[in-house]
Amino acid sequence: MAVPPRAAESGLSRPPGAVKIIAAACVGNALEWYDIAIYSFFAVYVAHAFFPAGDATSSLLLALGTFGASFLIRPIGAIVLGSYADRAGRKPALTLSIWLMVLGTLLICVMPPYASIGMLAPLGILVARLIQGFSAGGEFGSATALMVEHLPHRRGYAASWQFTSQAAATLLAATLGTVLTSTLTPEQLQSWGFRIPFVVGLLVGPVGYYIRRHVPEAPEFVTASTGADQRAPGRQVLREQKSRVLLTIGVLAVTTCLNYLLSYMPTYAIKQLHLPASTGFAAALVGGIALLIATPFAGHFSDRFGQIRFMRPAAVLILLLIYPLFLLLVTFPGIGVLLGMLCILSVLKAAYFGPMAALLANLFPAETRATGMAVGYNIGVAIFGGFTPLIATWLISVTGSPLAPSFWVMFTGVVSLASLGVISGKLGLR
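In the working numbering, the protein residues as written are 5 to 434.
For the record, the hints were derived by calculation from the structure and aren't laboratory data. These numbers were taken from a predicted model, which means no experiment stands behind them. Careful: at least some of the hints might be erroneous.
[Unchecked claim] Calculated lysine to aspartate or glutamate pairs in the DMTMM-like style (CA-CA distance at most 25 Å, straight line):
no. : residue 1 : residue 2
1   : K430      : E371
2   : K275      : E191
3   : K430      : E191
4   : K24       : E191
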C-alpha cells in the first residue's frame, strides 16, 4: 500500500523539536479534559439550569448521568477516528477531533435553559456531550502515537505530557472555578456565570488547529505505513489484539477512577461536607498544581527505570490509603484536610499515570497503535471514569455513608494491579 499523501509529504519536512511535537499532541487533550473538568466542577449549576427535577439530588443525578452517557460513545469515536489515524495519518485525525470538541463546547455555551425551551435543553446538552465524547474517543491514541513515534528514546517523558496537559487543564478549570465562586453571587453563577468557563474553552480550538497544522507525521508511522495492510486496523485490533485491549482497560482503571473522583470533589465538598463552593475549587486547584509538577518527572524517570516499577507501588498506596483519607476528611471536614487529601492522591496519581501512556503505546505495533490505544483507553474511561461521579453519588445515596466513594476506588486498584501483573509476567514489559 502506498504511503498516505500527508505522511509522504512529511518525509520532506525538517524534523520538529520536542516542544513543538508535545504541544501539538497535547493541546487537544488539554481541551478535552478542560471540558470534562468544568462540566464536573459546575455540575450543580448545570443540573439546575438544564435538568430540573423534583429535588436537587435527582436533578444532579440527571446531569451526572448525561456526563457519564457521553463516555459510552467514546469507544465508537475510538474505532472511527483511531482507524482514520492509522490509515490517513495522526495529523488529519487530530485536526478533525479538535474541531469536533469545539463544536460540542459551543453548543453548551449557547444552549438556553430548561425554563426557556423545556426538554430541548437537556437533549441539547446530551447532544453536545455526545459530540465531545466521540471526538475525545480518537484523541488519546492519535496524540500519544504522534509523540512516542517522533520521540522514540524518550517515550515515557513525551507521553507523560498527555497527562500533564490534563493536570494543566484541570488547573485552569479549578482556577476559573475558584475565581468565579469567590467573586460572583450564587444567583449570578446560576444565571450566567457558569457559562464563562465553557466560553474560555472555545479559545483553545483555533490555537490547537494552528499548532497541529504545522507538525509533520512521525517517521515511524511513515515507515510502518509503507506496504502495510491498513484497510481495517479496527478489525485487526478487535480480532487479533483483544487481550492487549483488555489489559489497557485494566491498567487504566485506578487512575481513571481517581481522576474523575478528583474532578467530582468540588461537588462532594458542597453536597456532602457542606463546605463553601470556593473551598472545593481551591482544593482542586492545589491538586492540579501537584499533578502538573509531578507527572513529567514520573515520566522522565520511568524511561530510566521502567514504567511498571513506578506504577505498581503507586497503585498499592492508592488502594491502601483511599479509605483512611476519606475517613479523615469526613471526620474533620475542612479546607486543610481536603487540601492535604487531594495533594496526596494527586502525587500518587502522577506517579502512576505519568509512565502509563508509554506503557500502553508499547503494547501495540505502529500499524494499529492509534486504534488499539484509543479503543482500550476509551472503553476503560467509559467504565471506570465517566460514571465515577454518578457511581459515587449513587453509592452515598444507597449506603448512607459519605465514605462510599472510596469503595469504588479500592475495587479499581485491585483491577489495575492484576493487569500490571499480567503485562509484567506474560509480556515481559517493565
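Going through the hints against the structure:
{"no.": "1", "hint": "K430 with E371", "result": "22 Å, holds"}
{"no.": "2", "hint": "K275 with E191", "result": "18 Å, holds"}
{"no.": "3", "hint": "K430 with E191", "result": "57 Å, violated"}
{"no.": "4", "hint": "K24 with E191", "result": "43 Å, violated"}
The earlier numbered hints that this structure contradicts are 3 and 4.
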